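Trainee: Each chain is listed here by its residues.
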Amino acid sequence: RKEVEQDPGPFNVPEGATVAFNCTYSNSASQSFFWYRQDCRKEPKLLMSVYSSGNEDGRFTAQLNRASQYISLLIRDSKLSDSATYLCVVTLNTGGFKTIFGAGTRLFVKA
Amino acid sequence: GAVVSQHPSWVICKSGTSVKIECRSLDFQATTMFWYRQFPKQSLMLMATSNEGSKATYEQGVEKDKFLINHASLTLSTLTVTSAHPEDSSFYICSARALDLGAMGGYTFGSGTRLTVV
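Sequence lines, in order, name chains A and B. Using the working numbering, you'd call the opening residue of the first sequence number 1 and step up by one each time. Using the working numbering, you'd call the opening residue of the second sequence number 1001 and step up by one each time.
The following block holds chain B by itself, in its conformation from the complex (with noise of 0.2 Å):
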């Protein structure tokens, strides 16, 4: 089935530095991917809407200066949080849907990015 691949796993940073997410589909080509944001106990929250060579949809509220976000090829895209606080520790994780699994075909999410800012 398809696999999005996602790391790192986990990441420890100081405030105010740069941290990348990478997020590759392995057996698939996804011309979207998607990028979500979790709180603890509560839902994914969609930031933003990664679609390969063109900028990226931001959602409203989501800084798009300060979670870049690229998508330079169908198997790659990366989200970079610049100059991280320590409001913005969460966990992050991308999804991509095999385009072709037809309209019913779910979402495959990377295993997820835990930030911690300190």
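Isolated chain A (complex conformation) (with noise of 0.2 Å):
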């Protein structure tokens, strides 16, 4: 079982709907949660951290339930601008910091 897993997609939507990642980790003493954007040929960017009363910015809706050891992340009103791949990164601090990315889930918006 991979370490931090996530939907496959790729999703195909159209604007202005509504999106919802979802992905597990297996590791019970992960401590911090992350949702990164990646644009084709890009480096990963910070989307939003994930807290464990869940948070929201704007269109965005990131939530974590520890005991499922699950994370989501829901894209309202969904644009154009919003096609990319997006990661789910949880860290470990196992002596050290470990971060595991997940493998990603491409999204195309469409007009």
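Simulated from the structure, these hints should not be mistaken for lab results. Note that the coordinates shown come from a computational prediction; the quantities given were computed from them, not determined experimentally. Some hints could be false.
To be verified - Simulated restraints, written as ranges between beta carbons of each label pair:
no. : chain 1 : residue 1 : chain 2 : residue 2 : range
1   : B       : Gly-1016  : A       : Gly-54    : 48 to 54 Å
2   : A       : Gly-54    : B       : Arg-1114  : 44 to 50 Å
3   : B       : Ser-1015  : A       : Gly-54    : 46 to 52 Å
4   : B       : Glu-1052  : A       : Lys-45    : 23 to 29 Å
5   : A       : Arg-59    : B       : Gly-1016  : 46 to 52 Å
6   : B       : Glu-1087  : A       : Arg-66    : 37 to 43 Å
7   : A       : Ala-111   : B       : Phe-1039  : 29 to 35 Å
Claimed, not checked - Simulated coverage check for chain A against chain B, where a stretch passes if three residues somewhere in it have a Cβ under 8 Å from a Cβ of chain B:
no. : segment
8   : 36 to 48
9   : 101 to 108
All residues carry an ideal CB built from backbone N, CA and C; glycine is no exception.
Need the complex rebuilt from these two chains, each delivered in its own frame; the hints are there to steer you.
Mentor: Right under this line is the structure:
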């Protein structure tokens, strides 16, 4: 089992749609959780951190369920510019910080 | 915010030559820098963790004699791909974490280096 697993994708949605990304992690000692966005041939950029109580930033909502070891990202009213790969990222502290990336889920938003 | 400068952005080299990639933290001190490799349509794979003033820690399957890492200062880490071969062609990215952002601070990535070995 992979340490961080994401929906395989790709997701193809029309503009204005709501799309949800799911991510599970295997190590219960995981400490920090993030969603990153990566455009084609570019470096990943932090989209948002994921807090235990859930957090929202405009059209984006992230949620964490530690009991189920599950993280989600919801994008409302999707825009063409949301087309990218979304990476679920988990960090552990096993004597040193270890960062584990999910394989990413590709999103295509179409007009 | 925290910025990591990586260069070169792209490089084409002949098989058998060595290539050095630099990553600098511009406005923060990075005691630890991470080096990743990403092949087309795949996720980032951690190659090694670079610690300032000590030897790097390599992930399983990554040859430390081939991918030389130097982290001589708190703001600079370098990755040298020695005797590069076509199969080393990939997108190499460094990242660092600004300590003052606390446990919830995300990682900042360099802009990546696209290496093509011909």
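Trainee: Determine which of the earlier numbered hints do not hold for this structure and return their numbers in increasing order.
Mentor: 2
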